[in-house]
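Starting from the structure of chain V, add chain H where the hints point.
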Amino acid sequence: MIEALTNNHLFGILLTVGLFYGGMWLRNYFRKNWINPLLISIFVIVVLLQLAHIPYEQYMQGAGIIHDFLGPVTVVLALPLYRQRRLLVKYKLAIISGIVSGVLASLVSVLLLGRVFGLNDMLERSLLPHSITTPIGIALSNDIGGIEGITVVSIILTGLIGASMASVIFRLLRITHPIAKGLGLGTAAHAIGTSKAIEMGETEGAVSSLSIGVAAIITVVLVAIMQIAGWY
Amino acid sequence: MRIFRQLAIILSINFAGELLSKGLSLPLPGSIVGMLILLILLITGVVKEAHIAETANFFLEKMPFFFIPAGVSVMVAYQLIDGHLAGVIGTIVLSTLLVMVVSALVTQFIIKKKNND
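Going line by line, the protein sequences match chains V and H.
Using our numbering, the letters of the first sequence map in sequence onto residues 1 to 232.
Using our numbering, the letters of the second sequence map in sequence onto residues 1 to 117.
Among the hints, a few may not be true.
As the list claims (entries may be wrong) - Computed cross-link-like contacts, DSSO-like style, restricted to lysine-lysine with a CA-CA straight-line distance of at most 30 Å:
no., chain 1, residue 1, chain 2, residue 2
1, H, 22, H, 48
2, H, 112, V, 92
3, H, 48, H, 62
4, H, 114, V, 90
5, H, 62, H, 22
6, V, 90, H, 113
7, H, 114, V, 92
8, V, 90, H, 112
Unchecked claim - Residues from chain V that face chain H, not an exhaustive set, calculated with beta carbons under 10 Å:
no., residue
9, 113
10, 158
11, 176
I should point out that these hints are in silico values taken from the structure, not numbers from a laboratory.
C-beta: ideal position from N, C-alpha, C; glycine also.
Isolated chain V, as found in the complex (with noise of 0.2 Å):
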């Protein structure tokens, strides 16, 4: 009886815009920015798979299709790129070393935590992109031989991490240049980071826009060079 509900393309597409309705909805409803719908859809409907032994297959099946359309997605993140493209212009000695910095630290501090928490190499893998931008974290992880959903959990642990503990390391290691601060949001907590910088002033709000992408290419990139030095 389920199993003629669940195997069908519909059940996994419905399932998936239903949620995310729903999320959106709290979100709204609430009106708490910490809501994240995309967290709240992923849980609901891993419980309710769990809980009615649905395979994850038969999930995918119409979820597949909402899948494929990471593509475009990642595509078109080139426009906020270039409509910020004068600030990279007229900042980009310091704008390109603070992110060529933060991506460093975060390849080489996943690596090192990882040995030192004991993580197999495949977790390490898929941990690696986890500063970075959704569409292209998840494009890297398969890439590199990742697992995409610890990748895309990971990506939003880091957002919500990010944009709640921002203030406090400003403060507190006098961060004050809308620059930096736009920067290191955007660098280390990707669109959720972006978010917190909007709040902040509209400059923080561009540079962090600006890095989201940035960041991103000059993390594939460096892990294209790691891999093809065999460094990793």
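For chain H alone, coordinates are given in the frame of chain V:
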């Protein structure tokens, strides 16, 4: 009709990126090659913002929706995380804070140094 033309442009660039990535065995995923192609086309003025605006804005605004199926695949990876949850969360928290501190401090240092010169 405009939406379909915009979608056709975006999908063609995506497709070109996939072909280039596979054909030349580039070490970059096809979707990212597509993003770089679109960036170049925008900078050179071959593609204008208006050629893709509404469709691109739709994808940009509703982006998280498209990540749900990838996120749900965490359920088939559960055995991998089992027993390592504290280590995974510890790695994410410490690495995130470090990235923010390093990138913001380096940027502020360079901007202030430049202003003093």
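Evaluated hints:
1. 22/H / 48/H: Between residue 22/H and residue 48/H the Cα gap is close to 27 Å, so the pair holds against 30 Å.
2. 112/H / 92/V: Satisfied, since the Cα-Cα distance of roughly 14 Å is no more than 30 Å.
3. 48/H / 62/H: Roughly 22 Å between the alpha carbons, so the hint for residue 48/H and residue 62/H holds.
4. 114/H / 90/V: holds, 13 Å
5. 62/H / 22/H: Within the cut-off at roughly 28 Å; holds.
6. 90/V / 113/H: holds, 16 Å
7. 114/H / 92/V: Holds, because 12 Å separates the two Cα atoms, which is no more than 30 Å.
8. 90/V / 112/H: Holds, at about 15 Å.
9. 113: holds, 4 Å
10. 158: holds, 5 Å
11. 176: holds, 8 Å
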